[in-house]
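**Q** Protein chains in written order, with numbering that gives the first Met the number 0: chain A, 0 to 220; chain U, 0 to 225.
By construction, these hints were calculated from the structure, which means they are not laboratory data.
For glycine and all other residues, C-beta sits at the position ideal for the given N, C-alpha and C.
Keep in mind that the hints are not guaranteed to be accurate.
As the list claims (entries may be wrong) - Here's a subset of chain A near chain U, in silico, CB distances under 7 Å, partners left out:
1) F69
2) Q145
3) L147
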Amino acid sequence: MATLVLDLNSDRSAETAVDSGDLALAHALRDGSEQAYEALLLRFQQPVYNLALRLLNDPSDASDVAQEVFLKVFRNIGHFRGQSSLKTWIFRITINEAHNQRRWFFRHRQREVGLEDRDDDSGYPGETLTSGGQSPYDYVFDQERQELIAAALARINPAFRAAVILRDITDLSYEEVAEVLQISLGTVKSRILRGREALRQELQKKMQSQPALRLMPKTAE
Amino acid sequence: MSCETVRNILSGFLDQPMGEPERTRVTNHLAACRECAAHLAELSELRTYLRSLPVAPMPRRLRTELQVIASREKARAAATRTLSLTLHSWIGTCRLAIDNMMRPMALPFAGGLLSALLLFGLIVPVLGFRPAVRNDVPTVLYTAATLVEVAPLGISDDEAVVELSVDAKGQATDYTVQRGEVTPEMQADLTKMMFFARFTPATSFGQPTNGKVLISFRRVHYVVRG
Numbered sequence: 000m001a002t003l004v005l006d007l008n009s010d011r012s013a014e015t016a017v018d019s020g021d022l023a024l025a026h027a028l029r030d031g032s033e034q035a036y037e038a039l040l041l042r043f044q045q046p047v048y049n050l051a052l053r054l055l056n057d058p059s060d061a062s063d064v065a066q067e068v069f070l071k072v073f074r075n076i077g078h079f080r081g082q083s084s085l086k087t088w089i090f091r092i093t094i095n096e097a098h099n100q101r102r103w104f105f106r107h108r109q110r111e112v113g114l115e116d117r118d119d120d121s122g123y124p125g126e127t128l129t130s131g132g133q134s135p136y137d138y139v140f141d142q143e144r145q146e147l148i149a150a151a152l153a154r155i156n157p158a159f160r161a162a163v164i165l166r167d168i169t170d171l172s173y174e175e176v177a178e179v180l181q182i183s184l185g186t187v188k189s190r191i192l193r194g195r196e197a198l199r200q201e202l203q204k205k206m207q208s209q210p211a212l213r214l215m216p217k218t219a220e
Numbered sequence: 000m001s002c003e004t005v006r007n008i009l010s011g012f013l014d015q016p017m018g019e020p021e022r023t024r025v026t027n028h029l030a031a032c033r034e035c036a037a038h039l040a041e042l043s044e045l046r047t048y049l050r051s052l053p054v055a056p057m058p059r060r061l062r063t064e065l066q067v068i069a070s071r072e073k074a075r076a077a078a079t080r081t082l083s084l085t086l087h088s089w090i091g092t093c094r095l096a097i098d099n100m101m102r103p104m105a106l107p108f109a110g111g112l113l114s115a116l117l118l119f120g121l122i123v124p125v126l127g128f129r130p131a132v133r134n135d136v137p138t139v140l141y142t143a144a145t146l147v148e149v150a151p152l153g154i155s156d157d158e159a160v161v162e163l164s165v166d167a168k169g170q171a172t173d174y175t176v177q178r179g180e181v182t183p184e185m186q187a188d189l190t191k192m193m194f195f196a197r198f199t200p201a202t203s204f205g206q207p208t209n210g211k212v213l214i215s216f217r218r219v220h221y222v223v224r225g
């Protein structure tokens, strides 16, 4: 019998409350504190890059977006009034910048081939291994599955993709997703539902040719 | 509850709390419908996979670039805090921009100027410029009066050196004997000569002016043979 893994995040709404630490950090940034700049980068550079990468599926574009995001954050920190959390504020800028980048890409760079060398530390498998105890078979299986999911994610409607990424990868609550995307809670629910469904169908199409990677409900032990 | 209704709320069922009556209805449906239960299991598995996607490591270059952006923005924010700091920063920026613009030009500019001077110095003497007008007035400050023509009149046998005063019209107006002795005959001859001789007046800055001409009278003997 299939086991239903239910995640009832009843405490998620508490996360939407503005953290006093966010306001303190914003004040410190306005005052020009060096530690505040460091702290902001330390806290948000990886999530911002990861979100941009998942939205655009291109490391180079994600790097560009991350730079633009932090430039805007540093320049507009004076406009942050604490009406939302710093995280949702920064993620909203990231979503907008990724959207601009995608539009720019379709206009100008669609047929360009990048000449940049890959950084020696990006995409290197040694740093993405999550479990030292994995067998080579499991490792390859995981890699292929991750690539399939990333590719399927890139093919679904960008509006649905942003909602699914914010909910399932960035782990924001529905309320936070609504704040980031500046849409109503009902629209968030609808987009997540349709995004997941589109993703499931995309994966099913791919997995018909690769049965070993089929989504398998976990059985109760 | 129909399968379609259940599938429309399954995503929310996974994530969010639901009222107890609705939750019970969905659970009952899932217990009875294998397809919807499998659908929910797939969605749950999909979500697990999405959550297990690895965090892509940031490129090292991006870390450095973000540090640079932070540092630059911090300096910019500090520079615009007061009016004097803004002005100071603006002046510094302008000075830096001018330096950056002029420094690469300094060496080529100096080299070009020296080369031009050297070439000019070498070429100009070779060209040998000549005046286009023959009787052009020299542009020196002062030119002396000169004799153009003397009347063909005989002069007594005495030798003498006479200084003639020539006016701006080229006429001799007076004379002074510098050497020798002037006899009454010679005085008469000199008066005739002054009357008929023509002179080029002296010039000062190109304008005719009074001047002096020194004339030497000398005896000449012609021996005719045959």
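**Q** Against this structure, judge whether each hint is valid.
**A** Hints, one by one, checked against the model:
With its C-beta approaching chain U no nearer than about 6 Å, F69/A sits inside the 7 Å limit, and its interface hint holds. Checking Q145/A against chain U by beta carbon gives a least distance of about 6 Å; that is within 7 Å, so the hint holds. Checking L147/A against chain U by beta carbon gives a least distance of about 9 Å; that is not within 7 Å, so the hint is violated.
Violated hint for the displayed structure: number 3, the only one.
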